[in-house]
Amino acid sequence: MSDRYPGYDVLAKRDGLSWNDKTREVVGRRLAVGIDDHRFFDEAEWGVLRALCDRILPQPPERERPVPVAALLDLRLREGPGDGNRDVALPPTDVAWKRALAALDAESRQAQGRGFPDLTPAEQDALLRDMQEGRLAGPAWQGMAPKTFFSARLLYDLVGLYYAHPAAWSEIGFGGPASPRGYVRMGFDGRDPWEAAEAAPGREDAARRENRHVR
Amino acid sequence: MTMALLPLTALDAVRPPPGGVPAGVARDPLGAGRRRVRNGLLAGLGGVAAAAALAWVLRPGPSRAAGTDDGAPDDGGSTVRAGRRLNRAAALLGASVLADSAVEHYRGSFHNPAMITPLLASGATIAASLHGSLDRRPRAHRFRDATYAAAALTGIAGTAFHLCNVTRRPGGLSWLNLFYGAPIGAPAAIGLAGLLGFAAERVRHGPDGPPSVAGLPAPQVLTVLSAAGILGTVAETALLHFRGAYHNPAMYLPVTIPPAAAAVLLRTLWHDGPGPRRAARLAMRATAGLGLLGTGFHAFGVHRNMGGWGNWRQNILNGPPLPAPPSYTALAFAGLAALALRDEVAGSGREQGDGR
Amino acid sequence: MSDERPGGGDPAEAPRACHGRAPDVFVPGGWVPMREHGEDEPVDFAIVGTGAGGGTLACKLAEAGFSVVAFDAGAYWRPLEDFASDEMEQQKLYWTDDRLCDGELPLKLGANNSGKAVGGSTVHFAMVSLRFRPDWFKSRSRLGYGADWPIDWREMWRYYAEVERALQISGPVTYPWGPKRPRYPRRPHELNAAAQVLAAGAEALGIGWSSTPLATLSSPHGKAPPCVYRGFCVTGCSTNAKQSVLNTWLPRALAAGAEIRDLAMVGRVETDRRGLATGVHYCREGRWRFQRALNVVVAGYAIETPRLLLNSASGLFPDGLANSSGLVGRNLMVQLNQAVWGRMDREVRSYKGPPSLALTEHWNYTDEGKDFHGGYCYMSQGPLPIVWARTLSGRGLWGEALMREMADYNHSVGLKMVGECLPDERNRVTLADETDRYGLRIPRITYGFGDNEKRMIRHALDFMGRALEAAGARGVWEQDDDTCHLNGTARMGEDPATSVVNADCRSWDVPNLWICDGSVFPTVGGVNPSLTIQAVACRTGDRIAALARRGEL
Numbered sequence: 448m449s450d451r452y453p454g455y456d457v458l459a460k461r462d463g464l465s466w467n468d469k470t471r472e473v474v475g476r477r478l479a480v481g482i483d484d485h486r487f488f489d490e491a492e493w494g495v496l497r498a499l500c501d502r503i504l505p506q507p508p509e510r511e512r513p514v515p516v517a518a519l520l521d522l523r524l525r526e527g528p529g530d531g532n533r534d535v536a537l538p539p540t541d542v543a544w545k546r547a548l549a550a551l552d553a554e555s556r557q558a559q560g561r562g563f564p565d566l567t568p569a570e571q572d573a574l575l576r577d578m579q580e581g582r583l584a585g586p587a588w589q590g591m592a593p594k595t596f597f598s599a600r601l602l603y604d605l606v607g608l609y610y611a612h613p614a615a616w617s618e619i620g621f622g623g624p625a626s627p628r629g630y631v632r633m634g635f636d637g638r639d640p641w642e643a644a645e646a647a648p649g650r651e652d653a654a655r656r657e658n659r660h661v662r
Numbered sequence: 017m018t019m020a021l022l023p024l025t026a027l028d029a030v031r032p033p034p035g036g037v038p039a040g041v042a043r044d045p046l047g048a049g050r051r052r053v054r055n056g057l058l059a060g061l062g063g064v065a066a067a068a069a070l071a072w073v074l075r076p077g078p079s080r081a082a083g084t085d086d087g088a089p090d091d092g093g094s095t096v097r098a099g100r101r102l103n104r105a106a107a108l109l110g111a112s113v114l115a116d117s118a119v120e121h122y123r124g125s126f127h128n129p130a131m132i133t134p135l136l137a138s139g140a141t142i143a144a145s146l147h148g149s150l151d152r153r154p155r156a157h158r159f160r161d162a163t164y165a166a167a168a169l170t171g172i173a174g175t176a177f178h179l180c181n182v183t184r185r186p187g188g189l190s191w192l193n194l195f196y197g198a199p200i201g202a203p204a205a206i207g208l209a210g211l212l213g214f215a216a217e218r219v220r221h222g223p224d225g226p227p228s229v230a231g232l233p234a235p236q237v238l239t240v241l242s243a244a245g246i247l248g249t250v251a252e253t254a255l256l257h258f259r260g261a262y263h264n265p266a267m268y269l270p271v272t273i274p275p276a277a278a279a280v281l282l283r284t285l286w287h288d289g290p291g292p293r294r295a296a297r298l299a300m301r302a303t304a305g306l307g308l309l310g311t312g313f314h315a316f317g318v319h320r321n322m323g324g325w326g327n328w329r330q331n332i333l334n335g336p337p338l339p340a341p342p343s344y345t346a347l348a349f350a351g352l353a354a355l356a357l358r359d360e361v362a363g364s365g366r367e368q369g370d371g372r
Numbered sequence: 006m007s008d009e010r011p012g013g014g015d016p017a018e019a020p021r022a023c024h025g026r027a028p029d030v031f032v033p034g035g036w037v038p039m040r041e042h043g044e045d046e047p048v049d050f051a052i053v054g055t056g057a058g059g060g061t062l063a064c065k066l067a068e069a070g071f072s073v074v075a076f077d078a079g080a081y082w083r084p085l086e087d088f089a090s091d092e093m094e095q096q097k098l099y100w101t102d103d104r105l106c107d108g109e110l111p112l113k114l115g116a117n118n119s120g121k122a123v124g125g126s127t128v129h130f131a132m133v134s135l136r137f138r139p140d141w142f143k144s145r146s147r148l149g150y151g152a153d154w155p156i157d158w159r160e161m162w163r164y165y166a167e168v169e170r171a172l173q174i175s176g177p178v179t180y181p182w183g184p185k186r187p188r189y190p191r192r193p194h195e196l197n198a199a200a201q202v203l204a205a206g207a208e209a210l211g212i213g214w215s216s217t218p219l220a221t222l223s224s225p226h227g228k229a230p231p232c233v234y235r236g237f238c239v240t241g242c243s244t245n246a247k248q249s250v251l252n253t254w255l256p257r258a259l260a261a262g263a264e265i266r267d268l269a270m271v272g273r274v275e276t277d278r279r280g281l282a283t284g285v286h287y288c289r290e291g292r293w294r295f296q297r298a299l300n301v302v303v304a305g306y307a308i309e310t311p312r313l314l315l316n317s318a319s320g321l322f323p324d325g326l327a328n329s330s331g332l333v334g335r336n337l338m339v340q341l342n343q344a345v346w347g348r349m350d351r352e353v354r355s356y357k358g359p360p361s362l363a364l365t366e367h368w369n370y371t372d373e374g375k376d377f378h379g380g381y382c383y384m385s386q387g388p389l390p391i392v393w394a395r396t397l398s399g400r401g402l403w404g405e406a407l408m409r410e411m412a413d414y415n416h417s418v419g420l421k422m423v424g425e426c427l428p429d430e431r432n433r434v435t436l437a438d439e440t441d442r443y444g445l446r447i448p449r450i451t452y453g454f455g456d457n458e459k460r461m462i463r464h465a466l467d468f469m470g471r472a473l474e475a476a477g478a479r480g481v482w483e484q485d486d487d488t489c490h491l492n493g494t495a496r497m498g499e500d501p502a503t504s505v506v507n508a509d510c511r512s513w514d515v516p517n518l519w520i521c522d523g524s525v526f527p528t529v530g531g532v533n534p535s536l537t538i539q540a541v542a543c544r545t546g547d548r549i550a551a552l553a554r555r556g557e558l
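Residue numbers (our numbering), protein chains in the order written: chain A, 448 to 662; chain B, 17 to 372; chain C, 6 to 558.
Don't read these hints as lab results, they were simulated from the structure.
A virtual CB, placed ideally from N, CA and C, is assigned to each residue, including glycine.
Watch out, some of these pointers could steer you wrong.
[Stated by the list, open to error] What follows is a set of in silico ranges between Cβ atoms, one per label pair, in the way DEER data are often shown: (1) A:476 - C:405: 42 to 48 Å; (2) C:31 - A:652: 53 to 59 Å; (3) A:511 - C:32: 39 to 45 Å; (4) A:486 - C:485: 36 to 42 Å; (5) A:482 - C:485: 35 to 41 Å; (6) C:405 - A:557: 25 to 31 Å; (7) B:172 - C:157: 39 to 45 Å; (8) A:471 - B:276: 31 to 37 Å; (9) A:584 - C:375: 39 to 45 Å; (10) B:324 - A:651: 34 to 40 Å; (11) A:472 - B:127: 57 to 63 Å.
[Said to hold, decoys possible] Just some of the chain C residues that point at chain B, by a computed CB distance under 10 Å: (12) 177; (13) 189; (14) 195; (15) 203; (16) 204; (17) 207; (18) 211; (19) 222; (20) 224; (21) 231; (22) 234.
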């Protein structure tokens, strides 16, 4: 799926008309986050979170600078705003995350005798599916509903953070920031020269050539 | 107007990407879509160039020897002057069409290969018209006639294409599709350029008697043609300025002055005389001036869109069309040519100083 | 970056509207003069909230010659310099303070249903500007459900027209549903591919459709350029093409002498022993202050309005202000926001243009073939990546399955409803025991659907699914968990026992206390509420001026 928009990099537009100063500033801050930056989570939680992010949002191994989903979450919990609603089944967001990571690790040790980061990907996925479907009920959850946490917090937060990153925008062929310049061609198959070109099967080279001119 | 086209031919291939060019990228051939778009533009320019070259090969022989400028007596008689004037009007209208269709069909990414046709047709019309404007011989030219006929046919075919595009959209023939579908009135302009040129050729047959087009007296035919062209353009302007909600009072100018001018011009057909003709001449000059003023207003309109001229790649396409208003100028020139022709025919058709 | 002058720092941290000037929203770094009012000098009106209700009313009252101070908890943004093209950054426009959600359907709040900014949620609304179906103003007596409004639709029709002019709505030349209305001030926008899908589906199923009346310019107006189709509408418009309260009513209000206090959280409406409001306590720059006022208008939308009224309880009003009916906080109504999604073979790229360029109100105006009360419209959609990814993860997708679906982003297309929920006293806003950083008790929102809502959802999902398939979409699936908009909780009516305010938005219990926002809606109808909120505010402004002339304030 990574060659759906071969050669397209939304960051090629960064210094052009599609990005205003504010956008350059806020996305620039996001891009400066390192893959291992964390202060909110302790080392044990961090290991679980990194392994978790790799399963929820698997990234192409050849990607030079993977989206630092875990670090972005750490940053957000450190200083970001809440999101305006809290299911009564969950404690406040920061508490809920720490508790969930600890509980996931505990469930893993309970079932497999190993911590979550040490499971195979298939075992990790199986455990996550148990969590998603409400089959976990260990004491480490302290009354918090794993199923609710999985959908309302875990997926909601991680997915949101991943798709806030330019690498994810490039991956799905999103035009990215667009101000002051917006778009002209709005109809079916309408593509402005500053948008990603999608590769027709077998015609990746043509799309790659067009995508080199996006700016 | 052709100036408006130049930045587009430069398009993106020429501009280096900000922040340096990765090795081996800039020299890559264009991608398919970009190639299609650029081919369209190149085809238009190529059409102009080829036609111009042809015009040069077929260039009228004795013209250089005959006189050095318009004011000098020539060998073709007054109707040739009128014919050449009409050639010039056709050239200007062709240029307006060339620039406008280039911009609009570039916007449409030339998704249908036929979208190159108006560029070729208008390019050829310009070349034939320039050729005609240099030609002082009192007879039609086969190459020009063929070109003008092709332009007229392109107008008809284009109208059919555009009508088909509009009715195929959801909603059919609705305000929304009239606003944003292919403009139904636009291809008529290239047809009109062809008709003007065709008339110019007929006028050149002058010496044997009063000039005529299809058996009708040429001055009158041209008067009606110019007025009808102006009124048709007014209809399209009215539609598009309605789309723009007449947000600037100046947007009322092209839907008030040209129709009034067309009426004054038509009035000379049954209320003839020096007074009405003078009024008609004045009205045509006002319309011609308005066409140029309009491009100025439209340039201001582009500036008012987000990002202004700095965002020209979007705003040339989404802002008010720069090449559209000069079609008023072209049609007004045709009206002036018609009036001059009538002066000359009335003045017993022999040499007399070129009035104005 | 930092500016030495007052109001030059981070607008989310330090107030901008002070020292006799307010931000000029049309000019980066620009200012306009602002009249200021002393705190000890009672102003004619203290207005809490500057959104569709409060901002509009502030303009109307200031233009009528009243002295006005309007408070907003949010920042005073200049869109041209402060708004990024970025979903995450622009969360700064949402009300993200903690709120507890419970009930059968714990609501998702924050993004698409509340705002915290000068201009309120109109700063990030989707600009859909629809009128109510006339019958909805009398849905109890004419249609047999809900409650009647104490206002006649013909009067509302005039105020709708006033708002449509003020916002320079771009809409179809003729609107296919409902009684005649004046032509929209601006022409409709071009349809994007997503909107063409809606149109094709509607035509295939034989129902009407229309380009959507939108509060974004299709041609230049004043200092605002027309829309550039950048598609970030619901995260804030950085070009000013969107006609929000921030760049329409409020500049007018300032010019007419109103004062706006940004970053000013009102925590309590004070009342005296006679049972009259005397002013508001508000927190600004870390200090609690008190503004005296002859009248107080509460315009905080359907959660903050009841919260403030309940938090303002006093000896005389132990159950909260204006609450003798016990209805403050009750009859909260969201709107149904379910959707169908599918994949087109051709590229749609629905991130371009305003998200909802086409709609159908067929099921608002047709009553045959329904097994439920009320109506719904549905619209084309243009979710940006985060919203889209969360929509997919809401289906339970993650890992490779999610990435695969996301790869089809540019081919995805959907239809989403805005459906009428019925008023139900069990759906309500109460106060939780937890407090926020101001020490104010936070709201608890309890919500659940009734059978009517469930039947409407089933009907809409079936119909929209057929429409989407008829338009050529494949793999159609249903998103059944979303809601939008918040209304009710301080309904207007003709009887003090069954309503909180009268038709003029004046509270029955405290005669100089007014409520002017979506809270006063007795019913919500099947259309987005912002136009109606503004129309009610315009009417309220005119009514207050008329009452003042008669000495009845």
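For this session: Take a look at whether the Cβ-Cβ distance between residue 486 of chain A and residue 485 of chain C falls inside 36 to 42 Å.
Result: holds, 39 Å
Exercise. Would the hint on residue 195 of chain C stand, with a C-beta cut-off of 10 Å toward chain B?
Worked result: holds, 4 Å
Exercise. Do residue 584 of chain A and residue 375 of chain C keep their Cβ atoms within the hinted range of 39 to 45 Å?
Worked result: Once the Cβ atoms are compared, 43 Å apart, the range 39 to 45 Å for residue 375 of chain C and residue 584 of chain A holds.
Exercise. When the nearest CB of chain B is found for residue 224 of chain C, is that gap smaller than 10 Å?
Worked result: Nearest chain B Cβ about 4 Å off; hint holds.
Exercise. Quick one: are residue 31 of chain C and residue 652 of chain A within 53 to 59 Å, going by C-beta?
Worked result: Given a distance of about 46 Å, which is not inside 53 to 59 Å, the answer is violated.
Exercise. Honestly, do residue 405 of chain C and residue 557 of chain A meet the 25 to 31 Å range at C-beta?
Worked result: holds, 27 Å
For this session: Closer than 10 Å between Cβ atoms is the bar; does residue 207 of chain C clear it against chain B? Give me holds or violated.
Result: holds, 8 Å
Problem set entry | residue 511 of chain A versus residue 32 of chain C beta-carbon gap, inside 39 to 45 Å or not | holds, 41 Å
Exercise. That 57 to 63 Å hint for residue 472 of chain A and residue 127 of chain B (C-beta), does it hold up?
Worked result: violated, 38 Å
Exercise. Does residue 177 of chain C meet its interface restraint, that is, does its C-beta lie within less than 10 Å of any C-beta in chain B?
Worked result: Since chain B brings a Cβ to about 7 Å from residue 177 of chain C, closer than 10 Å, the hint holds.
Exercise. Taking the closest Cβ pair, is residue 234 of chain C under 10 Å from chain B?
Worked result: holds, 8 Å
Problem set entry | Range agreement (Cβ of residue 651 of chain A with Cβ of residue 324 of chain B, hint 34 to 40 Å) | Between residue 324 of chain B and residue 651 of chain A, where Cβ atoms are some 37 Å apart, the hint holds.
In terms of the numbered hints stated before, the structure departs from hints 1, 2, 7, 8, 11 and 18, listed from lowest to highest.
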